[in-house]
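Student: One-letter residues, chain by chain:
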Amino acid sequence: MPVWNFVWRSAYHDSVTLMRLTRDMEAVPGVARAAAMMGTPQNRALLADAGLLTEGSPDTAPADLLIAVAADDEMAARGAEAAALGALRSRPAEPRPGLPGAAARRPRTLASALRALPDASLALISVPGLYAAAEAMKALRAGLHVMLFSDNVPLEAEIELKRLALSRGLVVMGPDCGTALIDGVPLGFANAVPRGRIGIAAASGTGLQEVSTLVARYGEGISHGIGVGGRDLSDAVGGLMMSRALALLAEDPATEVICVIGKPPGAAVAARLTSEAERLAKPCIMHFVGSGQGSLEDCARAAVARARKEGPLVTEFTLPAPEIDQLVAEAGRGLGPGPRFVRGVYCGGTLAWEARSILAAALPDVAPDVTTGAGANRVVDLGEDIFTVGRPHPMIDGTVRREWIVRETSDPGAAVLLLDVILGYGAHPDPAGELVPAIERARAQRPGLAVVASVVGTEADPQGRAAQVAKLAAHGVIVMPSNAQAARLAVRLARPTSG
Amino acid sequence: VVARGLLAGPPQVISAGLELFAATLASLDVPVIHVDWRPAGDGDPRLARLLAELSDDLIQELLEEVARHLPSIPRR
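Chains A and B are the protein sequences, given in the same order.
The numbering of the first sequence is the working numbering, which starts it at 2 and goes up by one.
The numbering of the second sequence is the working numbering, which starts it at 748 and goes up by one.
None of these hints come from the bench; they were simulated from the model.
From a predicted model like this one, the values you see are computed outputs, not experimental measurements.
Among the hints, a few may not be true.
Have a look at the derived ranges for each label pair, beta carbon to beta carbon [said to hold, decoys possible]:
id, chain 1, residue 1, chain 2, residue 2, range
1, B, L775, A, S411, 36 to 46 Å
2, B, E812, A, P155, 22 to 32 Å
3, B, E812, A, A272, 41 to 51 Å
4, B, V813, A, A362, 56 to 66 Å
5, B, E812, A, E404, 34 to 44 Å
Cβ coordinates follow ideal geometry from the N, Cα and C atoms, glycine included.
Generate the whole structure from the sequences, applying the supplied hints.
Tutor: Given below as structure tokens:
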């Protein structure tokens, strides 16, 4: 099918707006595929890979908007471009009513925003990774703490920012920090959890979400959740912000128990963190996802038990064994005698790693990471940097995830589809509903497919956890109480005769 | 200037990037300002970096505004 490229010079828009333009363009009759991306070299490469870059496509600067349309004819392609323009025009030019500053002209720089909100204490930065470090630097110089949501920020820039922050008594949460809860305020993707006495320091956004929502489900609450970014615990960054977060929670009067979560740290960082945690005057529970020991759920349970001065409850499944056996028997009924592979299609990075490590401990041929997909049993994390360049995170828009669900279940051996569904502020308004069409397509091509999921969230979240669970259950999805339990059930389905 | 501690009270937020984050905070009555951010100098990251090094807010803002209207800087 022929492809057309259009360029709008100096027309910057964020990835969520671009996603909307893409959707509107693809709704135009005669249009097969469309994309709207900023004209960076990375995005041009993505478009070329997708067969959406024409040979004579004009050069673009990163602030130019590049529109690509595969359509029946030029009239349809031009119609798509017009639809994109229409979508931009219909966008509210001013902030929504209720957004402070709505009456005034919107500030275009951090410096003028600071004049409009002189008591500002924190900058939440989610601009494209290419520019994010520069904005974070400006915020630190202005005396603001920084939450750096952006990913694709160079490692050297992260180290420089964190050193500068420490020298000024400031904190940098991130880069690639998806979640924080500061004094009850949810930043980025966070859940509506009650205030309480458990403090979390996390090098993992979805890990923080899983632990904080489970703590809430067990009847306790969160004092603060400090994110530090996934790379903080590497020996290169040296756990600079994790140490700072631990010290802050140790001093915080509302915090009685501290949880530290992340992926396994570098050797030097691990040794230092352990000795720091031992010196704390408060109980500190550490959990490193993928270390082969425990789960995020165990970490949440242990924190609650310490706060209540009880012994921790460690359990493989919350449901009694006969009910699990029955679930396995029922879900496995449609599966044939051949190989049974588990395919995890995730949007939460830490949850993907946790699922991968549970599969790897029990099944053969599990892919070694969560991006390449080389392995009969595998988990892919679509929130990884390589999948999010120029695109919204899969927690905001599930388009890429729906494609992967269909792709991963097209393999004749695919028997169990494993999913995470993440609720909360900033996430899609109906993440379960958004996945249903892909689940149905997967079932159509692979009859008997078992679908297992966990839903990270609380009843107080904008999406409401019970309603989301019910929607999945109505489409035959087995919803487990935690990600770890979902992965363990997937193992049972793949190996029905064991354990 | 002594920075306020991160946990010294609910944050007041300046948000740059995804507007949905600012909208969420506003809906929860958290003081927030959303910056209508766009890349300076036609998106040249080197220029953005140089501008970030400037310490004078007003000069920085003025230069960013100028840079935003510059045509693309020729690249190698």
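Student: Please go over all the hints and tell whether each is borne out by the structure.
Tutor: Right, here's what the structure says about each hint:
Hint check: B/L775 to A/S411, Cβ distance near 42 Å, so the stated range 36 to 46 Å holds. For B/E812 and A/P155, the Cβ-Cβ distance of about 27 Å falls inside the hinted range of 22 to 32 Å, so the restraint holds. Separation of B/E812 from A/A272 is about 49 Å and conforms to the stated range, judged on CB atoms against 41 to 51 Å. At about 58 Å, the CB distance of B/V813 to A/A362 agrees with the hint of 56 to 66 Å.
Remark: the range hint 34 to 44 Å for B/E812 to A/E404 is upheld by a beta-carbon distance near 40 Å.
In the structure shown, no violation is registered for any of the earlier numbered hints.
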